[in-house]
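Chemist: Each chain, written out:
There are 2 protein chains.
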Amino acid sequence: MLLYPGMTALDLVGPQTLLAGLAPGSLHLVAKDVGPVPSDSGISLLATSRLDAAPRDLDVLFVPGGEGSPAQMLDPEIRAFLRDRAARAAWVASVCTGSLILGAAGLLEGYRATSHWCVRASVLPLLGAQPVDERVVFDRNRVTAAGVSAGLDLGLALAARLRGADYARTAQLVAEYAPRPPFRAGTPEEAGAEITQAARAILERLSEQSRAAALSIRG
Amino acid sequence: MLLYPGMTALDLVGPQTLLAGLAPGSLHLVAKDVGPVPSDSGISLLATSRLDAAPRDLDVLFVPGGEGSPAQMLDPEIRAFLRDRAARAAWVASVCTGSLILGAAGLLEGYRATSHWCVRASVLPLLGAQPVDERVVFDRNRVTAAGVSAGLDLGLALAARLRGADYARTAQLVAEYAPRPPFRAGTPEEAGAEITQAARAILERLSEQSRAAALSIRG
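Heads up: the sequence lines are chains G and X, in that order.
So in UniProt numbering, the last one in the first sequence is 219, and the numbering has no gaps at all.
So in UniProt numbering, the last one in the second sequence is 219, and the numbering has no gaps at all.
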């Protein structure tokens with residue numbers, strides 16, 4: 001799992017919680033430097049390996065999204081790392097704008113994929129991917145999830161591919177994942193125009209920087 | 001927010017993601033010592049304050065659950081810290097077995113509350129709380145959530161109390177929280193007998209240690 005400054009902590013912690021039981025002790029939290037990495041919500045997660053110390057052959061290569069993702073799209077060292085490990089990984093996965101980082105590394109060219117709703121249709125095609133309005137999208141060995149909380153659904157779907165549906169169901173019950181949000185506002189359609197406008201304002205910088213990064217890579 | 005060894009990272013990161021926008025810069029991640037605190041899934045979160053450096057008057061005092069929770073129930077320093085801050089906090093909140101730590105500190109005596117399904121009915125009553133089979137339970141200024149992933153629902157419910165429903169809906173849309181788990185196995189009733197037995201085996205140590213801790217406090 002890749003960590004970087006400005007990642008969204010939940011993008012990573014959601015799926016990791018549901019996948020953690022698969023192979024205890026085989027989790028590698030990699031970053032440019034070992035140590036605390038600040039997320040975009042104020043919590044720091046601890047990176048335990050440098051990029052070059054990550055195993056060459058991974059079962060799952062995972063990339064979270066977050067406010068810091070446009071800088072990662074433009075980072076040659078990050079892109080080279082992802083290309084190298086993705087070439088041998090059994091699964092290549094992302095949550096939220098993590099798919100734009102994969103795309104920037106050339107890893108979604110010709111793949112169906114998703115991302116956060118604020119960039120899905122506007123940025124994914126610039127990176128050669130075909131945007132799909134689904135919560136979790138599998139295409140060959142790529143699996144991408146929609147924004148932030150969609151990582152929990154990706155975690156279960158991937159656990160099922162790796163170890164079977166009953167394993168995934170058990171992880172779901174251990175995490176008591178029977179969601180019951182008090183509102184229906186998780187998609188622009190459900191939230192309505194006014195809430196969507198408020199959310200777009202919060203996300204404006206991220207969507208604009210993502211689009212600019214994608215255009216600069218293409219150009 | 002209290003951090004301790006063996007906490008479940010998602011218990012804390014879920015609600016924190018949805019509450020983070022309320023008052024940026026006013027988050028205190030407190031633990032016995034400043035520095036990385038290992039969670040029960042292998043990710044460490046960074047504690048930024050010692051217990052005694054936490055502000056005396058808090059808007060929200062929050063306690064996560066996890067495999068390490070029984071040791072916190074029995075820790076006099078943790079219990080004294082929670083009693084002191086809870087006496088002045090506007091809200092006292094927990095996810096999963098975090099409610100058992102609150103209960104061990106005497107903070108749920110006579111309150112309706114919930115916890116992870118594996119301990120809700122068996123342990124909460126030993127601590128003077130009235131167990132309720134709901135995902136998020138409010139009673140006066142106490143708010144407790146069911147297991148692990150229920151923290152997202154608590155985060156939204158608490159955001160709505162603190163800042164209104166439209167604020168919470170906006171946070172929900174930013175986090176794209178329109179959950180669609182690929183299975184229906186988030187409660188024992190939905191999961192069925194076989195999956196529930198497998199999950200109980202994973203959780204057996206936690207439920208037994210929780211019960212023993214509660215009995216020892218009562219005795």
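These are computed hints drawn from the structure, not numbers from a lab.
Bear in mind that the values here come from a model prediction, so they are computed numbers and not experimental data.
You may find that some hints are simply not true.
Not the full set, but computed from the structure, chain G residues with beta-carbon under 8 Å of chain X [claimed, not checked]:
1) Leu45
2) Ser49
3) Arg50
4) Ala53
5) Leu58
6) Ala89
7) Phe138
8) Asn141
9) Arg142
10) Ala146
11) Ala157
12) Val174
13) Ala178
14) Arg180
15) Ser216
To give an idea of the interface, some chain X residues facing chain G are shown, with a C-beta separation under 7 Å as derived from the structure [to be verified]:
16) Pro5
17) Leu10
18) Leu22
19) Ala23
20) Leu27
21) Pro36
22) Ser41
23) Phe138
24) Val174
25) Pro179
For every residue, glycine included, the Cβ atom is placed at its ideal position computed from N, Cα and C.
Chemist: All the hints need checking, so say for each whether the structure fits it.
Modeler: Consistency of the hints with the structure:
Among the interface hints, the one on Leu45 (chain G) holds; its C-beta lies about 6 Å from the nearest C-beta in chain X, closer than the 8 Å criterion. At about 13 Å, the closest approach between the beta carbon of Ser49 (chain G) and any beta carbon in chain X exceeds 8 Å, and the interface hint on this residue is violated. The criterion of a C-beta within 8 Å of any C-beta in chain X is not met by Arg50 (chain G), whose closest approach is roughly 16 Å, and the hint is violated. Evaluation of the Ala53 (chain G) hint against chain X yields a violated restraint, the C-beta minimum of about 16 Å exceeding 8 Å.
With 8 Å as the threshold, the beta carbon of Leu58 (chain G) stays out of range of chain X, its nearest partner Cβ sitting at about 16 Å, so the hint is violated. The interface hint given for Ala89 (chain G) is violated, since its Cβ lies 19 Å from the closest Cβ of chain X, which is over the 8 Å cut-off. The interface hint given for Phe138 (chain G) is violated, since its Cβ lies 11 Å from the closest Cβ of chain X, which is over the 8 Å cut-off. A cut of 8 Å between beta carbons decides the hint on Asn141 (chain G): the least distance to chain X is about 18 Å, and the hint is violated.
For Arg142 (chain G), the shortest C-beta to C-beta distance to chain X is roughly 17 Å, which exceeds 8 Å, and the interface hint is violated. With a cut of 8 Å, the hint placing Ala146 (chain G) at the interface with chain X holds, because the nearest CB-to-CB distance is about 5 Å. Among the interface hints, the one on Ala157 (chain G) holds; its C-beta lies about 5 Å from the nearest C-beta in chain X, closer than the 8 Å criterion. For the restraint placing Val174 (chain G) at the interface with chain X, the shortest Cβ-Cβ distance is roughly 5 Å, inside the 8 Å limit, so the hint holds.
Look at Ala178 (chain G): its Cβ gets to within about 3 Å of chain X, closer than 8 Å, so that hint holds up. The closest approach between the C-beta of Arg180 (chain G) and any C-beta of chain X is roughly 5 Å, which is under the 8 Å cut-off, so the hint is satisfied. Taking 8 Å as the C-beta contact cut-off toward chain X, the hint placing Ser216 (chain G) at the interface is violated, the least distance being around 25 Å. Violation of the interface hint for Pro5 (chain X) is found here, the shortest Cβ-Cβ separation to chain G being roughly 13 Å, above the 7 Å cut-off.
The beta carbon of Leu10 (chain X) comes within 4 Å of a beta carbon in chain G, closer than 7 Å, and the hint placing it at the interface holds. Given hint, Leu22 (chain X) at the interface with chain G, is violated; its Cβ is 11 Å from that chain's nearest Cβ, farther than 7 Å. Evaluation of the Ala23 (chain X) hint against chain G yields a violated restraint, the C-beta minimum of about 10 Å exceeding 7 Å. Given hint, Leu27 (chain X) at the interface with chain G, holds; its Cβ is 5 Å from that chain's nearest Cβ, closer than 7 Å.
Nearest Cβ of chain G to the Cβ of Pro36 (chain X): about 5 Å, under the 7 Å cut. The hint holds. The closest approach between the C-beta of Ser41 (chain X) and any C-beta of chain G is roughly 4 Å, which is under the 7 Å cut-off, so the hint is satisfied. Because the closest C-beta pair between Phe138 (chain X) and chain G is about 11 Å apart, greater than 7 Å, the hint is violated. This hint holds: Val174 (chain X) has a C-beta 5 Å from the nearest C-beta of chain G, less than the 7 Å allowed.
Residue-level restraint check for Pro179 (chain X) holds (minimum Cβ-Cβ distance to chain G is 4 Å; threshold 7 Å).
Consistency note: the structure conflicts with the earlier hints numbered 2, 3, 4, 5, 6, 7, 8, 9, 15, 16, 18, 19 and 23.
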